[in-house]
Structures are given as structure tokens and as C-alpha cells.
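S.K.: Sequence:
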Amino acid sequence: MSKARFELGLAKRKATLGAEYVHKNLEAADDFTRPFQEMMTEWCWGFGWGDDAIDAKTRSMMNLTMLGALGKMNEWEIHCRGAITNGVTKKQLRAIIHVIGIYCGVPQSLECFRAAKKVIEETGLE
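Oh and the sequence shown: position 27 is 26 in numbering that gives the first Met the number 0, straight run, nothing missing.
Derived by calculation from the structure, the hints in this document are not laboratory data.
Don't be surprised by glycine CBs; every beta carbon is placed ideally from N, CA and C.
Misleading hints may appear alongside valid ones.
[To be verified] Computed list of lysine-lysine pairs in DSS-like fashion (alpha-carbon distance at most 25 angstroms, straight line):
1. 89 x 71
2. 90 x 56
3. 89 x 117
4. 2 x 89
5. 23 x 90
6. 90 x 71
7. 71 x 116
8. 2 x 13
9. 90 x 116
10. 71 x 13
11. 89 x 116
12. 2 x 71
13. 13 x 89
14. 23 x 71
15. 89 x 56
16. 116 x 56
17. 89 x 11
18. 90 x 117
19. 13 x 23
20. 23 x 56
21. 23 x 11
22. 11 x 71
23. 2 x 23
24. 117 x 71
25. 71 x 56
26. 117 x 56
27. 13 x 116
28. 90 x 2
[Unchecked claim] Computed beta-carbon distance windows for the label pairs:
29. 89 x 54: 13 to 21 angstroms
30. 61 x 4: 19 to 27 angstroms
31. 94 x 25: 31 to 39 angstroms
32. 121 x 22: 14 to 22 angstroms
33. 93 x 46: 29 to 37 angstroms
34. 61 x 24: 18 to 26 angstroms
35. 39 x 72: 17 to 25 angstroms
36. 6 x 109: 38 to 46 angstroms
37. 94 x 72: 13 to 21 angstroms
38. 117 x 61: 18 to 26 angstroms
Use the sequences and the hints to build the structure in full.
M.R.: Next comes the structure, spelled out in C-alpha cells:
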């Protein structure tokens, strides 16, 4: 494991998902899940989010589209919060969900709208 890439990933992960959420996940890791949490932090966040080729807002929008396409709604909701943190607007969330509906079907877009409405209400996004 690259300590530098892990630390970069940890910083990126906290910046998007919130330090409390990340800390809770890392603290809950045990001998069975800790290696995955560490590698995911290094690989996804340090390598995947660690360069400046694409800004965080765009990466968040890409994540929502991919997670929506995969139907991973728990992760979609988590990353919806992160997307708002990274500057994604309500209008942009709606447009992302429209694209998900076009390419993945109306039922999947309805799931995304349900999750987005919950997050919008909880965060007070205007």
C-alpha cells in the first residue's frame, strides 16, 4: 500500500463524503473488512480522485450516473450527498436522473428521484 496515496485518498474521501462518515466507516472496520476499506480509500479516492484532470463536481456527477446505472441505491444516496458537497445543484441532479432514465429506464430514474428528494430535504438544498 502506498501511504502517500492512502493519505491523499483519505483527504479526498473526507472532503466529499464528510469526515464523520469516513471516520465512522474506518472505525467500524474489523480484521475482515479493514484491508478493503484501506485499499478502497487508496485506490478509489487516492488514485481515482487524486489527480486534477477532472474536478470533484464532475467526478461526483459521473459517479451518480454510473451508480444509478448499476442500481446501487445505497451508494447513490451517499454519493448524492457528496455531489451536493462538491457543488452539484438541484437542477443538475435532475438532469443526471433524466439521463439515467433515458439509458437505464424509468424505474431506475424513479429510484434515483426518491433518493435525491430524501437527500435534498435533509441537506436543505435549494
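S.K.: If a hint holds in the structure, say so; if it does not, say that too.
M.R.: These are the hints, each one checked on the structure:
1. 89 x 71: holds (20 angstroms)
2. 90 x 56: This hinted pair holds, its Cα atoms lying about 14 angstroms apart.
3. 89 x 117: holds (12 angstroms)
4. 2 x 89: Measuring from Cα to Cα gives roughly 36 angstroms; hence the hint is violated.
5. 23 x 90: violated (31 angstroms)
6. 90 x 71: holds (22 angstroms)
7. 71 x 116: holds (16 angstroms)
8. 2 x 13: holds (16 angstroms)
9. 90 x 116: holds (12 angstroms)
10. 71 x 13: holds (21 angstroms)
11. 89 x 116: holds (10 angstroms)
12. 2 x 71: violated (29 angstroms)
13. 13 x 89: Status holds; Cα separation ~22 angstroms.
14. 23 x 71: holds (21 angstroms)
15. 89 x 56: holds (13 angstroms)
16. 116 x 56: holds (19 angstroms)
17. 89 x 11: holds (23 angstroms)
18. 90 x 117: holds (15 angstroms)
19. 13 x 23: Roughly 11 angstroms between the alpha carbons, so the hint for residue 13 and residue 23 holds.
20. 23 x 56: holds (24 angstroms)
21. 23 x 11: It holds: about 16 angstroms lies between the C-alpha atoms, which stays within 25 angstroms.
22. 11 x 71: Holds - the C-alpha atoms of residue 71 and residue 11 are around 21 angstroms apart, at most 25 angstroms.
23. 2 x 23: Holds, at roughly 20 angstroms.
24. 117 x 71: Judged against 25 angstroms, a Cα distance of about 16 angstroms means the pair holds.
25. 71 x 56: Judged against 25 angstroms, a Cα distance of about 20 angstroms means the pair holds.
26. 117 x 56: Given that 25 angstroms is the threshold and the Cα spacing comes to 20 angstroms, the pair holds.
27. 13 x 116: Holds: residue 13 and residue 116 sit about 23 angstroms apart, inside 25 angstroms.
28. 90 x 2: Violated. Residue 90 to residue 2 sits at ~38 angstroms, over the 25 angstroms cutoff.
29. 89 x 54: 13 to 21 angstroms: holds (19 angstroms)
30. 61 x 4: 19 to 27 angstroms: holds (20 angstroms)
31. 94 x 25: 31 to 39 angstroms: holds (33 angstroms)
32. 121 x 22: 14 to 22 angstroms: holds (19 angstroms)
33. 93 x 46: 29 to 37 angstroms: At 31 angstroms between Cβs, range holds.
34. 61 x 24: 18 to 26 angstroms: holds (22 angstroms)
35. 39 x 72: 17 to 25 angstroms: holds (19 angstroms)
36. 6 x 109: 38 to 46 angstroms: holds (40 angstroms)
37. 94 x 72: 13 to 21 angstroms: Since the Cβ atoms of residue 94 and residue 72 sit about 19 angstroms apart, the hinted range of 13 to 21 angstroms holds.
38. 117 x 61: 18 to 26 angstroms: holds (21 angstroms)
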